[in-house]
Amino acid sequence: MNRGSEPTLLELSVPGRQAWSLQRNELPDRPIESCIPPEHLADHRPRLPEVSERDLVGHFTRLSHRQYSVDLGSYPLGSCTMKYNPKFADEVAALRGLADVHPAAPEQAIQGWLALVCDLEKALCSLVGMAGATFQPAAGAAGELTGLLMVRAFHAAGEARSRGGAAGGGAAGRGGGSGHASSGRTKVIIPDSAHGTNPASVTLAGYEAVTVPSDTRGCVDLAALREAIAGDVAAVMLTNPNTLGLFEEDIAEIARLAHNRGALLYYDGANLNAILGMVRPGDMGFDVVHLNLHKTFATPHGGGGPGSGPVLVSERLLDFLPGPRPALMGDGERYGWMVPERSIGRMHSWHGNALVVARALAYVLYNGSAGLRKVSNLAVLNANWIRKRLESSYQVPFDRPCMHEVVISAEKLKSDRGLSALDVAKRLLEEGFHAPTIYFPLIVREALMIEPTETESLQTLQALAEALERIASGTVERDAKPAPRTTPVGRVDEARAARRLEITG
Amino acid sequence: MEVPAALRYSSDHEWAAMDGAEIRVGITDYAQDALGDVVYVQLPEPGRKVEAGEVIGEVESTKSVSEIYAPVSGTIRSVNTELSDAPEELNQDPYGRGWICVIEPASSGDWDGLLDATAYQALTAG
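Residue numbers (numbering that gives the first Met the number 0), protein chains in the order written: chain X, 0 to 504; chain W, 0 to 125.
Don't read these hints as lab results, they were simulated from the structure. Accuracy of the hints is not assured; some may be wrong.
[As the list claims (entries may be wrong)] Restraint ranges, calculated between C-beta atoms of paired labels, are given here:
(1) W:Y39 x X:L47: 29 to 39 Å
(2) X:S391 x W:Y39: 17 to 27 Å
(3) X:L203 x W:W110: 33 to 43 Å
(4) X:L9 x W:E50: 53 to 63 Å
Note that the structure is predicted; figures quoted are calculated from it, not measured. Note that beta-carbon positions come from the ideal geometry of N, C-alpha and C, so glycine has one too.
Can you make the complete structure from the sequences, with help from the hints?
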């Protein structure tokens with residue numbers, strides 16, 4: 000079988016071939032027309048591939064051999080996409096007592112599960128300095144929306160209080176737009192280096208996203224923030240360290256400015272891998288924090304899921320958390336469900352992606368607080384090693400110690416030799432590495448964002464740096480065919496794929 | 000990088016060409032190069048009144064999404080609908096077939112405030 004041309008299952012299909020066989024059917028056959036009214040019957044069979052188990056397994060195994068994965072080698076996309084996930088967490092998530100539980104099981108039958116969620120809530124609250132959490136949001140962006148809806152409910156309740164009205168649940172409801180219309184707060188401030196989900200979530204929550212620029216240090220421009228922040232701002236949304244991998248050193252002043260104007264401070268937890276056990280968002284002044292358990296806490300999540308984006312809040316937002324949420328009941332012995340008084344309602348049809356929560360607790364308990372601190376120490380050390388090593392072959396636009404990731408630029412390579420960040424990324428595939436994030440953050444031209452994470456050894460970092468140096472120095476052989484030339488699939492035409500969408504078979 | 004001398008420019012990398020009483024608008028060679036392969040262009044509605052500096056559309060490339068700003072105040076008279084099917088024109092011919100819209104200016108003041116080719120070249124050199 001040619002590695003370059005794996006047929007589709009439909010191409011492998013042979014009529015009548017199947018991957019199952021029932022030895023004996025003990026029930027009499029009934030014609031389908033006697034079971035389903037004729038108007039609901041299709042007039043032709045669906046076109047499904049007919050293959051043997053042998054062919055099916057072969058097909059997917061061959062496809063898997065053409066992949067590059069985090070288990071195969073270095074993956075400098077880092078925790079912001081997915082870091083290496085230790086296997087003990089998978090073993091925990093596969094325990095039958097956890098995996099074989101139905102979400103509708105009565106609470107007396109799932110006391111262990113409820114205790115597990117409460118234990119993780121306590122651990123994460125102490126890790127980030129918050130008072131309570133919801134585990135409903137399915138991933139980070141859902142967490143952002145959840146947090147912003149709580150911000151909105153909080154302001155609406157505050158407005159109701161200051162008008163002398165009862166701060167009842169009614170004013171805090173989502174939908175209808177009454178929330179911020181009555182509070183007069185219509186804007187959320189985000190920096191120009193923000194993750195793309197931030198303005199999207201802000202808009203979805205009914206707010207207007209206002210962008211503040213970064214200064215020459217790569218941090219929020221304080222003067223611009225002072226100018227932008229007024230009584231109509233509901234929240235300031237930041238990630239710290241920011242997407243340039245730089246710590247927002249003015250965070251205390253940013254928090255003071257926001258709080259003085261009655262705005263809340265929102266923490267996007269995508270970069271939490273940099274600060275575990277080092278500094279707590281709660282101590283920096285943040286009021287709402289979303290975490291990405293699937294990024295930071297040991298869950299593989301290729302192919303779109305599952306994720307888990309718990310939202311943690313400070314004391315004054317506890318009442319607005321989505322419900323029902325697991326809690327220790329009044330007797331102190333039994334776990335049950337409770338709905339906070341002014342809850343924004345449900346954010347998930349069930350209780351969230353539970354097995355991701357189980358993996359996260361396993362990861363937290365396995366590492367302990369000292370271990371988690373070491374995770375971040377090593378992640379930051381590795382990124383800074385890469386930064387120093389590559390500063391002579393690439394440009395480092397913000398030349399100061401970084402946190403868990405470093406953004407370098409191929410701008411000079413592009414102007415001198417016509418090699419763009421995209422070309423560098425594609426050549427890295429030929430060198431046996433996954434490509435890092437490119438062209439993000441948007442404020443750095445020809446950006447390559449490298450996040451090695453804590454798990455990569457010095458030898459791996461050296462090999463990665465050598466590969467990037469070979470590409471930059473031009474010692475990699477050049478020919479007319481664009482990289483990658485040694486992978487099962489060569490350079491794909493991304494522009495054509497986006498311009499001429501074909502989304503049917 | 001091409002910067003035609005006859006055109007005026009905004010610091011947001013739009014170009015403007017005087018075409019009788021109207022002003023034709025597009026994005027510069029520098030802008031298309033920085034954006035990379037353009038895959039989608041969102042055009043303004045003809046007839047819309049716009050202020051100079053107002054967002055009138057979006058250009059999406061394989062790298063990012065950028066906003067298009069009106070270089071002058073006025074009324075959108077026509078838009079280049081060809082771009083819906085052939086967004087690559089923005090890369091291939093930014094000053095010609097890749098034009099974005101035509102604005103009937105509200106006054107002549109905005110035009111005079113735009114950068115000339117020399118000033119724009121200086122801006123992008125830094």
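Going down the list of hints, with the structure as the test:
no.	hint	in the structure
1	W:Y39 x X:L47: 29 to 39 Å	34 Å, holds
2	X:S391 x W:Y39: 17 to 27 Å	38 Å, violated
3	X:L203 x W:W110: 33 to 43 Å	39 Å, holds
4	X:L9 x W:E50: 53 to 63 Å	54 Å, holds
Checked against the numbered hints given earlier, this structure breaks only hint 2.
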